[in-house]
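**Student:** Residue numbers (the working numbering), protein chains in the order written: chain A, 1 to 277; chain B, 1 to 123.
Think of the hints as simulated: they come from the structure by calculation, not from any bench. The structure presented is a predicted model; accordingly, all values stated were derived computationally and were not measured. Treat the hints with care, since some could be wrong.
Said to hold, decoys possible - Part of the chain B face toward chain A, derived, beta carbon under 10 Å:
(1) ASN50
(2) LEU52
(3) ILE57
(4) GLU58
(5) GLY59
(6) GLY64
(7) ILE66
(8) LEU83
(9) ALA85
(10) ILE92
(11) ASN96
(12) THR97
(13) ILE100
(14) HIS105
All C-beta atoms, glycine included, are put in the ideal place defined by N, C-alpha and C.
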Amino acid sequence: MKIIATALSVLLVAATPFAAQATPDDDLKAFRAYFTNKFPNVPQNDFINGVYALDAASREQWEEFEEFPSYEIAVDNGEGKFHTAFANGKSYADCFPNYKQGIKQNYPYFDTDKGKVVTLEGAINKCRTDNGEKKLKWKKGEITEISAYLASLSRGQIINIKVPNDAKAIAAYNRGKKHFWSKRGQLNMACADCHYYYSGSKIRADILSTGFGQASGFPVYRNKWAGMGTIQRRYAGCNKQVRAKPFKAQSDEYNALEYYHTYMSNGLEINGPSQRK
Amino acid sequence: MRLTAHILTTTASIAALIGCLGFAPTIASANEAADLAKGKALSFDRKKGNCLACHMIEGGELAGNIGPPLIAMKARFPDYDKLRAQIYDARINNPNTIMIPFGPHAVISDSEIDLVTKFIHTL
């Protein structure tokens with residue numbers, strides 16, 4: 001069974017809205033317009049709240065959670081760790097000189113010198129290794145405390161991902177786009193099936209959130225996880241749901257997906273960290 | 001295991017006996033009812049058909065609404081084979097469908113698809 005699922009997950013069927021010549025900006029305009037037309041009663045910036053933008057009953061419950069949010073401890077811990085010196089006397093603040101103004105809205109970005117997508121978690125771990133410290137685990141735990149603190153300083157800032165005119169940057173963007181729109185896994189579903197075409201519908205008892213805005217709230221404290229997780233932890237969960245083999249956190253594949261997926265929320269505010277069911 | 005086998009043979013011989021006595025139709029409908037119960041269980045089971053993820057089905061709880069409610073199926077699918085084909089591979093009717101290609105991706109077996117189709121056709 002597992003073997004079949006794995007084999008099938010490689011069998012990607014490139015799905016429809018895939019005009020090769022569309023620029024990222026064209027893509028974003030079309031993406032945004034689709035959701036604002038589909039949900040005319042949702043104010044644009046409310047899409048950052050996931051399903052809670054779409055369903056009044058879930059929202060009420062969520063607002064109660066947000067009064068005493070479970071991510072608060074992560075933010076506090078993150079703040080403490082962010083300002084604690086590494087063994088060499090430096091600290092994260094030396095790696096992120098602009099952190100006070102908020103930096104999360106600019107991640108992930110494309111590093112044209114290295115030819116790679118840089119996620120916030122990637123930059124956090126690079127800061128550590130550059131200063132002689134060990135890498136943190138990628139998807140949960142301490143790394144989400146640091147990123148939760150940084151996200152909290154970016155609240156209200158406008159997501160502003162850039163795709164420079166660079167062949168590799170465009171290739172990374174297109175790779176992420178392809179991941180989002182391609183069917184995968186034994187169950188043969190694309191991110192777009194659930195978070196574009198059927199956003200707002202119910203899959204069993206869950207309402208499906210809109211791909212537009214999903215990147216805003218991370219990292220999240222998820223009740224189901226009883227803890228914090230990065231956006232790539234969520235990608236892995238959504239891949240597994242359709243019985244596709246998840247990729248490794250911070251793999252080129254997920255970094256490309258995060259790049260495209262976050263670009264698709266450009267113009268919306270950062271609302272991380274947040275609380276999720 | 002032995003015991004089950006024994007019960008099964010016993011049941012089978014009773015069945016055969018009753019069959020001889022001319023109660024065949026009753027037995028056929030007992031089998032039919034068992035198949036329908038199996039089909040229903042397969043349709044509802046999250047690890048099998050999990051049709052409820054997307055379709056409202058009478059008797060099922062926490063149904064999704066991605067696909068149409070599965071009601072009046074005989075009216076919509078007078079042809080049983082067409083219904084089976086839809087369940088086997090929904091992509092034939094809609095290449096970009098979100099519905100799972102149950103047959104080609106071996107999500108459930110061919111005989112399970114028969115049982116599911118039988119049950120769905122009664123709705």
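**Student:** Now tell me if each hint is right for this structure.
**Tutor:** Against the structure, the hints come out as follows:
1. Because the beta carbon of B/ASN50 sits about 8 Å from the nearest beta carbon in chain A, less than 10 Å, this interface hint is met.
2. With a least beta-carbon distance of about 6 Å to chain A, the hint placing B/LEU52 at the interface is held under the 10 Å criterion.
3. For B/ILE57, the interface hint is violated, since its Cβ never comes within 10 Å of a Cβ in chain A; the closest pair sits about 12 Å apart.
4. Interface restraint check for B/GLU58: the shortest CB-CB distance to chain A comes to about 16 Å, outside 10 Å, so the restraint is violated.
5. The beta carbon of B/GLY59 is not positioned within 10 Å of any beta carbon in chain A (closest approach about 15 Å), and the interface hint is therefore violated.
6. Contact between B/GLY64 and chain A, as hinted, is supported at the beta carbon level, the nearest pair being about 4 Å apart and thus within 10 Å.
7. For B/ILE66, the interface hint holds, the least distance from its beta-carbon to any beta-carbon of chain A being 5 Å, beneath 10 Å.
8. Hint status for B/LEU83: violated, given a least beta-carbon distance of 20 Å to chain A, over 10 Å.
9. Residue-level restraint check for B/ALA85 is violated (minimum Cβ-Cβ distance to chain A is 17 Å; threshold 10 Å).
10. Here the hint on B/ILE92 is broken, as its CB sits about 14 Å from the closest CB of chain A, past 10 Å.
11. The interface hint given for B/ASN96 holds, since its Cβ lies 6 Å from the closest Cβ of chain A, which is under the 10 Å cut-off.
12. Of the supplied interface hints, the one on B/THR97 holds, with its beta-carbon coming within about 9 Å of a beta-carbon of chain A, less than 10 Å.
13. Hint status for B/ILE100 relative to chain A: holds, with the closest Cβ pair at about 5 Å, below 10 Å.
14. Because the smallest distance between the Cβ of B/HIS105 and any Cβ of chain A comes to about 5 Å, under 10 Å, the interface hint for this residue holds.
Of the numbered hints stated above, those contradicted by the structure are hints 3, 4, 5, 8, 9 and 10, listed in ascending order.
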